[in-house]
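Trainee: Here is how the chains run, residue by residue.
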Amino acid sequence: MLGELLNPYYLQVLCFILINIMLALSIYVPLSSGQLSLGSAGFMGIGAYTSALLTIHYELPLYVTILVGALLAGVIGIIVGIPSLRLTGVYLAIATLGFGEVIRVLFVNWESLTKGSVGLTGIPQLGRELLKFAKSIGIEPSALGLKNNQFVYLSLVIVLLIIVLFILWFVIRQQNSRIGRAYSSIQMDEKAAESMGINITYYKVLAFAQGAFIAGLAGALFAHTIGYISPSDFSYHRAVEILIFTVFGGSEVIIGSVFGATILTLLPEVLRFVSDYRYIFYGIMLVILMAVRPQGILDLYLFYRLKGKRIKRGTS
Amino acid sequence: MVLEVKNITKRFGGITALKNISFTIQQGEIYGLIGPNGAGKTTMFNCITNIVEPTEGEIFFNGEKITKLKPYKITEKGICRTYQNIRLFPQMTALQNVMVGGHSRISAGVFRSVIRTKSQKQEEKLLKEKSEELLELVGLGQLKDQFAENLAYGQQRRLEIARALASNPTLLLLDEPAAGMNETETDNLFDLIKKIQSMGITVLIIEHDMSLVMRLCDRITVLNFGEKLAEGTPDEIQNNEAVIEAYLGKEEEETIA
Amino acid sequence: MLIEQLINGITLGSIYAIVALGFTLVFGVLGIINMAHGEIFMVGAFIGVLTTSVLGWPLWLAFLASIVVTSLLGYLLEIFSLRPLRGKKGVSHLAPLISTIGVSIFLENLSHHMFGAGNKPFRTAFAEIRFEIGSITIYLVQITIFVISVILMVGLSVWLSKTKAGKALRATAENLETASILGVDTKKIITLTVIIASGMGGIAGILVGMAFNSVSPQMGLSMGLKGLAIIILGGMGNVKGAMVGGLILGLSETLLVAYGDSGYRDAIAFIMIILILLIRPQGIFGSKTAEGR
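Chains as they are written, first to last, in the UniProt record's numbering: chain A, 1 to 316; chain B, 1 to 257; chain C, 1 to 293.
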């Protein structure tokens with residue numbers, strides 16, 4: 001019986017995996033154009049707060065507020081992305097990390113709007129809204145052999161899965177096109193790319209803003225998944241966590257982000273038996289991984305080999 | 001007149017890399033730029049493609065002033081180059097490298113690239129076919145799926161030429177294409193450049209291999225310490241007193257046959 | 001009182017400067033950001049608490065213990081998380097960043113286990129000694145902190161410019177390959193750099209404990225982020241820049257808390273660096289362009 005297999009706890013973990021995949025992709029996209037942006041936590045916060053406040057104060061439908069949250073993050077991404085063009089490598093990383101911290105401090109202090117460090121509670125949950133909607137058009141969960149609770153989480157997982165698949169579809173298609181070639185050429189040699197007729201300003205800002213949009217979208221969905229948010233959800237720790245998803249899985253290939261986010265979301269759950277020591281293991285694991293396989297678990301060569309093309313990693 | 005370089009001066013801090021240089025290149029020519037190391041040849045290339053901005057002077061391409069244009073705009077106008085120290089995209093395949101070169105000749109934006117409209121598919125297909133032809137032209141047809149970083153040195157040089165050709169240039173700038181090549185490879189390069197000329201592309205070439213330059217070029221400008229020493233046909237250059245003294249003197253017998 | 005606030009600001013700024021020096025040394029020589037530096041600083045502070053409050057050691061011995069332990073940590077950091085990445089093909093600038101983040105997560109959570117999450121009081125009789133000049137109160141600790149930071153700063157500058165090891169270090173910072181061709185034992189120099197930087201982090205830790213009477217496992221993070229901000233402000237890899245940047249940040253934070261909105265205190269550092277990166281990407285004293293390595 002389907003109903004008995006759907007444990008709400010597992011479904012919730014699945015929701016977080018899907019949201020984390022989006023967050024990992026929000027780092028992957030700018031990185032594929034050579035920009036290491038650690039601002040994802042900040043953009044995530046912008047999306048989350050925007051959507052949450054719009055639903056709480058104006059009772060707008062969720063699909064509108066989530067989209068507005070993501071778009072606002074994207075627009076701010078353009079505004080931050082343009083001056084950031086002057087920065088590369090480590091400087092860009094620290095500046096974007098700083099941007100995230102400024103956003104967080106703003107959330108803490110703008111108490112009239114954000115309720116400060118306590119955060120926002122009572123944010124409408126996407127799953128419950130979907131249940132309401134289903135009932136309004138005459139679909140009863142019991143007719144499908146599901147409890148209300150199960151329906152809430154299951155519908156949420158399905159919606160998130162569709163969004164993740166859409167983003168993946170979008171990014172992969174973009175990657176195998178004129179836009180994607182421009183991104184990778186900028187990543188590998190910016191000057192040579194410009195000599196080949198590529199407007200690097202345009203493409204770098206585009207990649208940066210796309211990352212911000214995806215992070216904002218993930219943030220809005222995060223807010224409507226757990227129902228309460230506070231500034232600490234978008235702190236330095238979140239920024240680092242997102243970066244590690246991408247780097248652990250392998251930042252050269254898109255599947256690395258999916259893999260990294262999935263494994264590292266599951267890992268703390270699996271490591272529950274060592275519960276209190278799990279972050280200590282996590283730290284050790286990162287050090288070992290970088291020493292053994294600094295490009296991440298999955299890389300370009302493995303990717304091509306899986307596609308059946310014979311390419312060897314060169315010595316040059 | 002394809003290219004007109006007018007009184008270009010470039011100073012880096014206190015050092016004058018180019019001093020009041022002028023020359024013009026006619027349609028269909030192979031034009032040589034020679035001179036000892038440090039003469040300012042690559043700086044001249046950088047000024048033409050505006051990777052470094054000239055301190056003084058102007059450059060016209062097909063009668064249009066290009067001095068202040070961004071490098072990518074200049075490529076769009078029809079000037080493309082190769083680099084002295086090869087600058088390929090190492091972890092892209094040879095084919096992908098060439099297709100990047102065609103960037104400015106196709107137009108799909110994000111929307112069309114993701115939706116894969118009919119016109120986008122068509123232009124991608126044409127670009128791919130053309131890129132494969134260019135790889136055949138430079139003799140890398142078999143290696144199109146290899147990563148650029150795994151190709152041999154001479155192959156990388158030829159790949160760079162193919163990449164530049166993919167941008168449909170009317171003027172191709174080659175920066176020491178024969179460097180590090182053996183005699184057979186150099187002969188093949190000679191044939192390749194002649195073929196490029198026969199395609200109606202004007203070529204400006206920096207090269208140290210004098211025998212290649214003298215066989216290949218229609219006209220030559222000689223630079224020395226940032227100044228223009230002489231200009232003329234290969235015969236005129238080989239018989240120019242100043243050039244022989246300043247530059248060719250010691251190598252005269254071994255390299256100029 | 002403005003003067004008291006200025007003194008507080010200079011004290012805070014001096015500590016920031018010492019932390020930033022640790023970052024700047026490692027960045028100058030290796031071109032990497034040591035994300036675990038804040039946590040090494042935190043460990044230094046905890047050693048101070050442990051030795052004085054629990055074991056009842058005198059303060060000078062506590063300093064020594066703290067320096068020894070953090071230097072050792074620096075050595076281990078180099079051996080386990082930096083050296084394996086060096087000179088390896090296909091290692092991006094991301095790798096050392098992630099590797100040191102791994103060390104920082106490890107250290108923060110380890111301290112969390114050993115000492116608990118909350119603040120630990122750091123009381124020494126020394127911290128209570130104070131002078132009254134007119135209406136102004138100055139603590140001896142504040143003077144000590146300032147003096148130690150000036151000594152470290154001057155000592156480091158002299159050491160870098162006058163001694164053989166210091167010159168070797170600067171040569172290594174300039175160009176690793178050339179230095180090694182010229183006969184500099186770069187491996188030794190790099191190890192030495194990380195050890196010195198970490199030891200300075202330890203000193204800063206114990207000073208913070210004394211100045212604010214408390215330490216916690218989380219203190220490494222905010223200090224680490226501020227240290228990063230300061231080296232960008234002062235110019236990456238620049239010793240003078242670290243000192244001046246630290247003082248500017250310390251003073252502006254203290255003045256903001258005294259006369260403005262204390263809630264934004266933690267954002268100042270980053271608003272500053274965002275501004276400086278836009279106006280003068282190489283930092284106040286930096287000369288290189290803001291190219292990533």
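Treat the hints loosely; a few may be bogus.
Here are the computed distance ranges between Cβ atoms for each label pair [as the list claims (entries may be wrong)]:
hint, chain 1, residue 1, chain 2, residue 2, range
1, A, Lys191, B, Val110, 22 to 28 Å
2, B, Gly232, C, Lys162, 57 to 63 Å
3, B, Ile15, A, Arg305, 46 to 52 Å
Cut-off 25 Å, straight-line C-alpha distance, at most; resulting in silico cross-link-like pairs (DSS-like, lysine-lysine) [as the list claims (entries may be wrong)]:
hint, chain 1, residue 1, chain 2, residue 2
4, A, Lys132, A, Lys115
5, B, Lys70, A, Lys191
6, A, Lys191, B, Lys144
7, A, Lys191, B, Lys118
8, C, Lys188, C, Lys88
9, B, Lys6, B, Lys228
10, C, Lys162, C, Lys120
11, C, Lys120, C, Lys167
12, C, Lys240, C, Lys88
13, B, Lys194, A, Lys191
14, C, Lys188, C, Lys164
15, B, Lys68, A, Lys191
16, B, Lys128, A, Lys191
17, A, Lys191, B, Lys121
Per the computed footprint, the stretches of chain B lying under chain A, defined by three or more beta-carbons under 8 Å from a beta-carbon of chain A, are [stated by the list, open to error]:
hint, region
18, 74-85
19, 113-127
The set of hints was computed from the structure by calculation and includes no laboratory data.
The structure displayed is predicted, hence computed values, not measured ones.
A virtual CB, placed ideally from N, CA and C, is assigned to each residue, including glycine.
Trainee: If a hint holds in the structure, say so; if it doesn't, say that too.
Mentor: Hint-by-hint comparison with the structure:
1. Range check, Lys191/A to Val110/B: Cβ separation about 24 Å, and the 22 to 28 Å hint holds.
2. Judged by the Cβ atoms, the range 57 to 63 Å given for Gly232/B and Lys162/C holds: they are separated by roughly 59 Å.
3. As the Cβ distance of Ile15/B to Arg305/A is approximately 50 Å, the hint placing it in 46 to 52 Å holds.
4. As the CA atoms of Lys132/A and Lys115/A are separated by approximately 28 Å, the hinted pair breaks the 25 Å bound.
5. Under the criterion of a C-alpha separation no larger than 25 Å, the hint pairing Lys70/B with Lys191/A is consistent with the structure, at around 12 Å.
6. Restraint check for Lys191/A and Lys144/B: the C-alpha separation of about 23 Å stays at or below 25 Å, so the hint holds.
7. Restraint check for Lys191/A and Lys118/B: the C-alpha separation of about 32 Å exceeds 25 Å, so the hint is violated.
8. Taking the CA atoms of Lys188/C and Lys88/C, the gap is near 18 Å; set against the 25 Å cutoff, the hint holds.
9. Our distance criterion of 25 Å between C-alpha atoms is met by Lys6/B and Lys228/B, whose separation comes to about 12 Å.
10. A C-alpha spacing of about 41 Å is found between Lys162/C and Lys120/C, which places the hinted pair above 25 Å, so the restraint is violated.
11. About 41 Å separates the Cα atoms of Lys120/C and Lys167/C, which puts this hinted pair outside 25 Å; it is violated.
12. Taking the CA atoms of Lys240/C and Lys88/C, the gap is near 32 Å; set against the 25 Å cutoff, the hint is violated.
13. Distance restraint check for Lys194/B and Lys191/A: the Cα-Cα separation of roughly 28 Å exceeds the 25 Å cut-off, and the hinted pair is therefore not satisfied.
14. Between the alpha carbons of Lys188/C and Lys164/C the distance comes to roughly 13 Å, so the proposed pair stays at or under 25 Å and holds.
15. For the proposed pair Lys68/B and Lys191/A, the alpha carbon gap of about 17 Å is at most 25 Å, so the pair holds.
16. Among the hinted pairs, Lys128/B with Lys191/A is consistent with the structure: their alpha-carbon atoms are about 23 Å apart, no more than 25 Å.
17. Between Lys191/A and Lys121/B the alpha-carbon distance is near 28 Å, which puts this suggested pair outside the 25 Å criterion.
18. Check on the region 74-85 of chain B: 5 of its residues sit with their Cβ under 8 Å from a Cβ of chain A, so the three-residue criterion for coverage holds.
19. Requiring three or more residues with a Cβ within less than 8 Å of a Cβ of chain A, the coverage given for the region 113-127 of chain B holds, as 5 such residues are present.
Consistency with the previously given hints fails for numbers 4, 7, 10, 11, 12, 13 and 17, ordered from lowest to highest.
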